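There are 2 protein chains.
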Amino acid sequence: MRTKKISAAVVRRLPIYLRVLEEATRDGDKELMSSQELGEKAGVSPALVRKDLAWFGEFGKQGVGYDIETLRTELRRILHLDRDIPIALVGVGSLGEALVRYFRRRYSLDPGFHLNIVAVFDADPEKQGQDIEGLPVQAPELIPERAKELGIRMAIVAVPPDAAQMVVDALVGAGIRLLFNFAPVKLTVPEDVHIINADLSLELQRLAYYLED
Amino acid sequence: MRTKKISAAVVRRLPIYLRVLEEATRDGDKELMSSQELGEKAGVSPALVRKDLAWFGEFGKQGVGYDIETLRTELRRILHLDRDIPIALVGVGSLGEALVRYFRRRYSLDPGFHLNIVAVFDADPEKQGQDIEGLPVQAPELIPERAKELGIRMAIVAVPPDAAQMVVDALVGAGIRLLFNFAPVKLTVPEDVHIINADLSLELQRLAYYLED
Chain A
43 MRTKKISAAV VRRLPIYLRV LEEATRDGDK ELMSSQELGE KAGVSPALVR KDLAWFGEFG
103 KQGVGYDIET LRTELRRILH LDRDIPIALV GVGSLGEALV RYFRRRYSLD PGFHLNIVAV
163 FDADPEKQGQ DIEGLPVQAP ELIPERAKEL GIRMAIVAVP PDAAQMVVDA LVGAGIRLLF
223 NFAPVKLTVP EDVHIINADL SLELQRLAYY LED
Chain B
43 MRTKKISAAV VRRLPIYLRV LEEATRDGDK ELMSSQELGE KAGVSPALVR KDLAWFGEFG
103 KQGVGYDIET LRTELRRILH LDRDIPIALV GVGSLGEALV RYFRRRYSLD PGFHLNIVAV
163 FDADPEKQGQ DIEGLPVQAP ELIPERAKEL GIRMAIVAVP PDAAQMVVDA LVGAGIRLLF
223 NFAPVKLTVP EDVHIINADL SLELQRLAYY LED
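Residue numbers (this note's numbering), protein chains in the order written: chain A, 43 to 255; chain B, 43 to 255.
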């Protein structure tokens, strides 16, 4: 049940908190973590940790900290990472192929990852039928059928800029509401569709700020 | 001259503002932009736009807005994107190769991009000598020599996790202070080195929050 509207900035930090807790679980040397420590490891202030997590309930105890296992389970649930999420990828160019390999390997190595690319599509007939990490490349016309069959809820778009809007329309038409876009172009989607634009250029540009004259 | 310490969150938004202004320049239909419009297009509040830009000087005029050309030139200068920045990439696996292609094409298509991959390295002798987008793959031992010769100031790390720290040490040893890391591993760097971790998994996990039950 989500009655409150949580800001995108808060949501952005949740996977970071989760990762800190997963690492603490792997290290396994303690049961509690203070907001101070969680903030330090996540790169934010302890006050922000407490404020962010308060949106979802009362997890911490003053002067004691958070129970690592409880908060980790709760964050997994909030992020829907307590179950497998079937994902499609469209566009098997060099970036698309690299992304399939990257995410398939993450999935197979980390049992808690749960983000599972289950189908890949490309409009190029030459590529169709080829195998990438055990998945055959399929024609984009098959997206609606496969989406239904495999329960696909999320898609990664790695096609050239001029094909991106068409592909996004097809994915949205197939009922997919969560999109991760790598095409460097502004896309139009209905209001109930969430799209994250992975813009690697913006990250490099940000880094350039720190160049010393 | 940088006397104030600007937060990473502010720096993160500067390339987004710059992009909005570049687009406005391309459309070329007006000379001024309000903080309202700039905020809307950048996905932040007008108040935050004004607050962010105030760190760098007095750019806007109340009730009039920002002069697009002036602010754009100023942001380019602040981000050091008023000149070419030579970049090295280490690790020519599927992701590394895709990144070289992606950034080289961005650079050749957009004369304002200025982020220029000029050398690629890989430890695999089989890959050395191969050509990627016009660049020969070189042995990592050559990093210090090439860094000096080509004036490399920034590096992209796309090696497997277990090689990442060694590669980062070599890059830092060669005087490179700006790193963009794609290896899903925590790296240790001296205090004067800036490292951005591109974590595609965190982005996908964030998207999963919006899954409907």
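Among the clues, some could well be false.
Put simply, identical chains are the same to the list, so a pair is met inside one copy or across any two.
[What the hints assert, rightly or not] Taking lysine-lysine and the DSS-like style, the derived pairs with C-alpha atoms no more than 30 Å apart in a straight line are:
id, residue 1, residue 2
1, 47, 83
2, 228, 47
3, 47, 72
4, 93, 228
5, 228, 83
6, 169, 228
7, 72, 228
8, 93, 83
9, 190, 103
10, 169, 47
11, 83, 190
12, 169, 93
13, 93, 190
14, 93, 103
15, 228, 190
16, 72, 190
17, 72, 169
Everything labelled a hint here was simulated from the structure, so no lab data went into it.
Predicted model, so just to flag it, every value in this text is computed and none were measured.
>> For residue 72 and residue 190, with the copy left unspecified, which applies at a CA distance of at most 30 Å: within, between, both, or neither?
In response: Neither. Shortest intra-copy (43 Å) and inter-copy (47 Å) distances fail the 30 Å Cα cut-off.
> Should residue 93 paired with residue 103 be assigned to within, between, both, or neither, using CA atoms and 30 Å as the limit?
Replying inline: Answer is within: at 13 Å inside a copy they meet the 30 Å cutoff, but 35 Å across does not.
> Between residue 93 and residue 228, at a C-alpha cutoff of 30 Å, which is it: within one copy, between copies, both, or neither?
Replying inline: This pair counts as between: shortest inter-copy Cα distance 26 Å, intra-copy 32 Å.
>> When Cα atoms must be at most 30 Å apart, do residue 47 and residue 72 count as within-copy, between-copy, both, or neither?
In response: So residue 47 and residue 72 fail the 30 Å test inside a copy (33 Å) and across (36 Å) alike.
>> At most 30 Å between alpha carbons: which applies to residue 228 and residue 47, within, between, both or neither?
In response: Classified as within; 25 Å inside a copy, 32 Å across copies.
> From the Cα coordinates, with 30 Å as the cut-off, is the pair residue 169 and residue 93 best called within, between, both, or neither?
Replying inline: neither (49 Å within a copy, 49 Å between copies)
> Between residue 47 and residue 83, at a C-alpha cutoff of 30 Å, which is it: within one copy, between copies, both, or neither?
Replying inline: both (26 Å within a copy, 21 Å between copies)
>> As a check of your reading, is residue 228 near residue 83 (CA-CA no more than 30 Å) within one copy, between copies, both or neither?
In response: between (34 Å within a copy, 11 Å between copies)
> Is the C-alpha distance from residue 83 to residue 190 at most 30 Å within one copy, between copies, in both cases, or in neither?
Replying inline: neither (40 Å within a copy, 35 Å between copies)
>> My question is about residue 72 and residue 169: at a cut-off of 30 Å on alpha-carbon distance, are they close within one copy, between copies, both, or neither?
In response: So residue 72 and residue 169 fail the 30 Å test inside a copy (50 Å) and across (45 Å) alike.
>> Reference check for the pair residue 169 and residue 228, CA-CA at most 30 Å: within, between, both, or neither?
In response: Cα proximity of residue 169 and residue 228: one copy only (26 Å, versus 36 Å across).
>> Checking an output row: residue 169 and residue 47, CA cutoff 30 Å. Within, between, both or neither?
In response: Result: close neither inside a copy nor across copies, 42 Å intra and 50 Å inter.
Hint compliance for this structure: hints 3, 9, 10, 11, 12, 13, 16, 17 are broken, all remaining hints hold.
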